[in-house]
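Novice: Listed below, chain by chain, are the residues.
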Amino acid sequence: MLGPFLETLIGGLLTGVLYSLVALGFVLIFKASGVFNFAQGAMVLFAALTIARLSGEIDGKEVHLANFVVAAAILGVAVAFIGWYAWREYIARGAGPGERRKMQVLAAVGALVGGIAAYSYGKGAWPLWLAIAATAAIMGLLAYAIERLVLRHLVNQEGIILFMATLGIANFLDGFGQTLWGSDIYKINLGLPKDPLFLFEGVFPGGLLVDPGELVAAAIAAGLVVVLAIFFQKTRVGRALRAVADDHAAAQSVGIPLNTIWLIVWTVSGLVALAAGLIWGAKLGVQFSISLIALKALPVLILGGFTSVPGAIVGGLIIGAGEKLSEVFLAPILVKQFDLAGGGIENWFAYMLALVFLLFRPQGLFGERIIERV
Amino acid sequence: MLAVIVAAFLAVPMVASPYLYTEILIPFLILSLAAIGLNILVGYCGQVSLGTGGFMAVGAYAAYNLWLRVPELNNLIVVFLFGGLMAAAVGILFGIPSLRIKGFYLAVATLASQFFLDWLFARVKWLTNYTPSGSVAVGKLEVFGWHVDTPADRYLLILGIVVVGTLVAKNLVRGHIGRSWMAVRDMDIAAEIIGFRPLRTKLTAFAVSSFFIGVAGAMWAFLRLGAWEPLAFDINRSFQILFMVIIGGLGSLVGSFMGAAFIVLMPILLNQLPGWFGIRMSTALLSHLEFMVFGAMIVFFLIVEPHGLARLWAVAKEKLRLWPFPH
Amino acid sequence: MVARVRSFPDVLLSVENISLSFGGVKALTDISFDIAKGEIRAIIGPNGAGKSSMLNCINGFYHPQQGAITYKGVRRSQMKPHEAAEQGIARTFQNIALFRGMSTLDNIMTGRNLRMKTGLFWQALHIGPAQREEIENRKVVERIIDFLEIQHIRKAPVGQLPYGLQKRVELGRALAAEPELLLLDEPMAGMNIEEKQDMCRFILDVNDEFGTTICLIEHDMGVVMDISDRVVVLDYGKKIGDGVPDEVRSNEAVVAAYLGVSH
Ligand SMILES: Nc1ncnc2c1ncn2[C@@H]1O[C@H](COP(=O)(O)OP(=O)(O)OP(=O)(O)O)[C@@H](O)[C@H]1O
Ligand SMILES: [Mg+2]
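Listed in order, the protein sequences are those of chains C, P and V. Taken in order, the first sequence gives residues -12 to 361; the numbers are from this note's numbering. Taken in order, the second sequence gives residues 719 to 1045; the numbers are from this note's numbering. Taken in order, the third sequence gives residues 394 to 656; the numbers are from this note's numbering.
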């Protein structure tokens, strides 16, 4: 009994780390801008699709050259833009003039990168690292576009309006990604080990069956979570982000404009989405349903709190474990008792768990109790 | 207003084609009612809900079971009312957390109801009369002996129900119950201090809202689909209705109609558009493009007028009234 | 203006040894005083003294850790805000707490909520009892609108009104409940002289005409001394003075607490 239980628990915790990762993306944005970003799942899908198709073993399902050119163009713009942005910061620190010349050079470099990218497609797929780097650049550009085209025009609107806007963004991204890259199931090959691993054979008869691929994936995710936590606690930008969450005026005094901060958080959560998409895609294949994992990460948020980084981490683990345990141990009992057509309770069990918890502790796991004032 | 209603009852049946009925008018009217229901909860009482699809499903399956198991009551009015009442009951149940949970926490919590109800109708065999995969069908529909067969019949029945429903909603929101909702929406603490009971107020909103949504769900199942499965009421339906409410205008009944019209018409238009220009596309590509354009339009509208089409309309009317003077 | 000296035999509300703290912050420490039926009672004190917290305790929004409140002869240690409302306690707020999305008229109508009882069924039809009830209550509200001279903004959304008018609407909403005890939290803060005079007049009229007992917090000493019958002074959560305006004015502890505070 203990063996299967532990196996399920470990499986659940490993999935939970991924939930934590997606939830972190939410938390970053909510903390810094108060936006409840429903597009997080769409960002995960978009990133995963882009990586998969750029690095893809093109198993018979050719990407149109036209699509590829578009992607390469986007990439080129992204590179040029990032360069330009970095350069502008550099100028702002008091370097000499000649900005326009440099911008032209950067644009040329960007175009070159894009061109090479498009060309190399003809030779087959890119190496994975290049695909990842390119996708990271594209996620940065995406963040910029979102800040520029959407958020900037909606400052001071009510939360629900911003939330709706992110729903619109989610729709757009889902459509855009699939228009560009197609909507079949694609693979990402991270080269994860496949053979099952048996742990603690001395303790349990037959040992504990663990998928090493999951283990590696979880380790990567856990590493990222730690990096993000450090980023928030220790770096200047991280502290500024936390300040902005607590008090916008205070953030101004740190000397970073609000728009830049928004750009940074959206970029960072774009990168978090990339990581989640990479791992998830390697595990289960890249397909539309990935955008639904965002929905799985939501109970993590109400459990851990919308603004708490540790909450997202612990909440993810609890939800992951609770979900798997309930499906394996509770569902069969329910099915038998009530003559159900199959289990599948993991789809709502996490929500109920979080909900019941909230009823007793409305401030979430790590939140402080707030006494309202008038 | 009266002119519009009269025209809808008398003039439309003279010109409408079956396509117009089944693809445009019927979906538009039914979803308008659902949007009104959701608007009561979100726009008037300020409680964001992402569980609309689930409550529509409750209405649909409750109505189905009554229709199936009690043939003596095969009267659509009774059947729909039953669907609405059951949805209201479930709505009250899932509204209870709203006392302690607010804002986006509540929104996420309402997803619990959506997923739970999705699961319920897919798995509990009795509810779907032991049909595989929970897909059920209805036939032989009547109202007080009137057989509702043709699209025109359905349209008239739906129109009647929607008109009555809108009137009821209007009455509720302008009376003291509506004021209690808006008070809780605008400032819940002050509302409690001047004597409103928060839980009762919110639960009334949940109940009334879910009732409308349940009736809409039952009508959607019986009069639009005829045969359906739980997927017809999944989370995408919830978002669809929420879009209608927001695009139309929070806290505006007219807005609910405008939002529904917009959301129903847009995909149809997007589908036709390439054809008009002689461009041919695969359906998959078309649906992806539709997603894109739809998403972009949503964002665009929110930026142009966060208060929705209803506000846009009011402003336009005012401008026209004053024309050619600026004020 | 000569300080008014009136006498009030009956106690409407008395506060006994109330203490309230938030985590480590002691907002109120062992406060006792009473409010007599029919008087205008002021609570004054520097910023953060605990004045608003005191009102919040009286109408059940905060629950003091110690002490009890006797209102109309019933002693209790805590109650819910809507219970207080049902018992005839109404109030306004320091930071205006109007329902911003509603019109002036609707805001004041919400003040009548405890007297509007028709259920969903009649409300849905909006005829019969529902309509009668609406008309009756509307009459009362129209009288209040006339009294406060805000007829011209009857239909305006309150969110867009100037500050002074919002304060007046909020008073109207409290009056609509026809309270026995009216709590006013800085009703004149941020107003110009003219607006202050209007507000004083309304407060005195309410007290005179309807016999409503009033407990108000105010920073403007001139106003306080003019219109109140008795004054409680709080400082750092403790009571440092209590009496008719003249007594309080000459109380050394009070003067010390206010030294350097420009009012
Ligand atoms: N809900 C709360 N949570 C935490 N602390 C509170 C709360 N309400 C009041 N306090 C604290 O209690 C103390 C008294 O506050 P209160 O608002 O009663 O002062 P006040 O006399 O009304 O001041 P002001 O003149 O500024 O309105 C302050 O230190 C305040 O920070
Ligand atoms: Mg105060």
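Just to be clear, a hint being listed does not mean it is correct.
[Unchecked claim] As a list, the in silico EDC-like pairs of lysine to aspartate or glutamate whose alpha-carbon atoms are at most 16 Å apart:
| hint | chain 1 | residue 1 | chain 2 | residue 2 |
| --- | --- | --- | --- | --- |
| 1 | P | 888 | V | 535 |
| 2 | V | 548 | V | 535 |
| 3 | P | 820 | C | 314 |
| 4 | P | 820 | C | 359 |
Hints listed in this document are in silico derivations from the structure and should not be mistaken for laboratory results.
Novice: List in ascending order the numbers of the hints, as given earlier, that are violated by the structure.
Specialist: 1, 3
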